[in-house]
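Asker: Sequence:
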Amino acid sequence: MSITHNKKTRSALPRKTLSAVLAATLCLAAGMLGSAPASAQVQAQPASAPAARPAGFPDVASIAAQYGPAVVNISVSGTRNVSTAPQGSDKDEKADSESAAAMQDFFRQFQQQYGSLPANIALPVQGAGTGFLISTDGLILTNAHVVKHAQEITVKLTDRREFKARLLGVDTLTDVAVLKIEAQGLPIVNLGATQSTRVGDWVMAIGSPFGFENTVTAGVVSATKRSMPGEGFAPYIQTDVAINPGNSGGPLINMRGEVIGMNAMIYTRSGGFQGLSFAIPIEVVRQVAQQIAATGGVQHARLGVSAQEVNQVLAESFKLPRPMGALVSDVDKGSPADRAGLASGDIVLAINGQAIEMAGDMSELVGAAKPGQTMDLRIWRSGQPKTLHAVLEGTRVAVAAPTPADAKPNGGRLGLSLRDLHPDEKGEDGLLRGLMVEKAIDAATRAGVQAGDVLLAVNGKPVSSLLQLQAAVPAGDKAAALLVQRGNTKLYLALRLGAQS
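Letter by letter, the sequence shown follows residues -40 to -1, 1 to 461 in mature numbering (1 follows the signal peptide of the UniProt record, and there is no 0).
Hints listed in this document are in silico derivations from the structure and should not be mistaken for laboratory results.
Just so you know, not all the hints are guaranteed correct.
[Stated by the list, open to error] Using 30 Å as the maximum straight-line C-alpha spacing, the simulated DSSO-like pairs for lysine-lysine come out as follows:
(1) 346 - 293
(2) 185 - 330
(3) 330 - 346
(4) 108 - 124
(5) 108 - 140
(6) 279 - 346
(7) 386 - 330
(8) 108 - 330
(9) 330 - 293
(10) 108 - 185
(11) 124 - 140
(12) 450 - 293
(13) 140 - 330
(14) 421 - 386
(15) 108 - 450
(16) 421 - 438
[What the hints assert, rightly or not] Label-pair restraints from in silico Cβ distances:
(17) 26 - 116: 52 to 60 Å
(18) 144 - 391: 45 to 53 Å
(19) 234 - 312: 34 to 42 Å
(20) 253 - 430: 33 to 41 Å
Positions of the beta carbon are idealized from the N, C-alpha and C atoms, including for glycine.
Please work from the sequences and hints to get the whole structure.
Answerer: Shown next as structure tokens:
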């Protein structure tokens, strides 16, 4: 953001009128000062007490003072592999079409000027977000997308202390992640509930928009149980609280000082706040966090449908007495919904006796259920009610993702953290041999080694185990030639060896 100062301002008033205004202003000032003796000194007036807050207005200041110290700033660094192929081939780039388009345009210009590029390029990643403390010994909740691609996570408290954080686990389906820092006696937030939250209730957010730490913004709840396209695992709380990049993962707090949601998304055409902000209900956040903290993973119940709202025209088309329920737009083949006989065009009116007024109601009930649970679905089909029975299945388990920064170099003087290749990393023919680079430090970084490279050989000797690596680097050598594979490209990197430890 830039601030422009005008060096010259021209008055639109005629000169005589302007003179009259100035004279009147000076007269008013003289009248206010009175005719005190010239020898009298102007005494500073004592500051008046803060004005009383009008009855009924939210006490944002007190809540911010009490719970602000429990909100932390999160900064991340790492690398991500980006495809240089035409736009659309890289799943991560699809998530941000504007960024993908700009990146692909850069790649095209680079290729036109300098020639071909490797199929994948590892680019540095730096980002920032917000989190909030839920235990005095350092458990922190934030968004999964905040720590995506992170190799190093730094948490900064309001007292300016900084800690390296450990990533206990992520759940990309609900966009929740749990971090841990080693500290004691930390301030924590007060977790609440959303059941009593009403449209129009005052709420506030604390976060780090654009890096401005512990920024407080306030507004009202615009909608509850706001569903998004597809089968979500929870309806969102919509607010008009100003949320911007950097606010992600921060708390949404009601006027009782209770966290009722985690700020996760905004609707924007400019990249900044436009009055539509969305938070994950705290019940969902708490449930996911408890599973991650206990097991390092999360398992969700799945019905296997996409649903949408029913408006008046759709209600009339399907011969419903009024707009209600969740209209099934798609059913995943082989899913619990498919096996139960649910079909596109069915309208779910109730689940286990609980009425479904909006599509978000169905998402909420399925998201709160457990795999293996049976759901009685009362549906509307061909103008008649009907009951189906679906046995929910579990989604894939969201496995904990330990922070690579915590890994200690095991590559000796090479300064590399290495591991064996997983089966799916050995290529389509399964013939790729080598060691995966999880982290590079010091000389390895200066040589250009990147996380995600596959170390194939050292000094011409193939390496596919740590024992082979040790044998390939004699104690007296001062340099090494590393053959690595980066995407579909192989290249040699010259590394100046460190001292033997």
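Asker: Are the hints correct? Go through all of them and say.
Answerer: Against the structure, the hints:
1. Of the supplied pair hints, the one linking residue 346 and residue 293 holds, its CA atoms being roughly 21 Å apart against a limit of 30 Å.
2. A C-alpha spacing of about 20 Å is found between residue 185 and residue 330, which places the hinted pair at or below 30 Å, so the restraint holds.
3. For the given pair, residue 330 sits about 24 Å from residue 346 by alpha-carbon distance, which is consistent with the 30 Å threshold.
4. The suggested pairing of residue 108 with residue 124 holds, with an alpha-carbon distance near 16 Å, which does not exceed 30 Å.
5. For the hint pairing residue 108 with residue 140, the CA-to-CA distance comes to about 16 Å; that is within 30 Å, so the pair holds.
6. Of the pairs offered as hints, the one joining residue 279 and residue 346 holds, with about 14 Å between alpha carbons and a cut-off of 30 Å not exceeded.
7. For the hint pairing residue 386 with residue 330, the CA-to-CA distance comes to about 36 Å; that exceeds 30 Å, so the pair is violated.
8. With a CA separation close to 27 Å, the supplied pair residue 108 and residue 330 stays within the 30 Å bound.
9. A distance of roughly 21 Å separates the Cα atoms of residue 330 and residue 293; the hinted pair therefore holds under the 30 Å criterion.
10. Of the pairs offered as hints, the one joining residue 108 and residue 185 holds, with about 26 Å between alpha carbons and a cut-off of 30 Å not exceeded.
11. Simply put, residue 124 and residue 140 have alpha-carbon atoms about 9 Å apart, close enough for the 30 Å limit, and the pair holds.
12. Distance hint between residue 450 and residue 293 is unfulfilled; the C-alpha atoms sit about 41 Å from each other, more than 30 Å.
13. Among the hinted pairs, residue 140 with residue 330 is consistent with the structure: their alpha-carbon atoms are about 27 Å apart, no more than 30 Å.
14. Straight-line distance between C-alpha atoms of residue 421 and residue 386 comes to about 19 Å, which keeps the hinted pair within the 30 Å bound.
15. Between residue 108 and residue 450 the alpha-carbon distance is near 27 Å, which keeps this suggested pair within the 30 Å criterion.
16. Taking the CA atoms of residue 421 and residue 438, the gap is about 17 Å. The hint holds against a cut of 30 Å.
17. With their beta carbons about 20 Å apart, residue 26 and residue 116 fall outside the hinted range of 52 to 60 Å.
18. In this structure the hint that residue 144 and residue 391 lie 45 to 53 Å apart at CB holds, the actual value being about 51 Å.
19. For the hinted restraint 34 to 42 Å between residue 234 and residue 312, the CB-CB distance of approximately 38 Å keeps it satisfied.
20. About 38 Å separates the C-beta atoms of residue 253 and residue 430, a value consistent with the hinted range of 33 to 41 Å.
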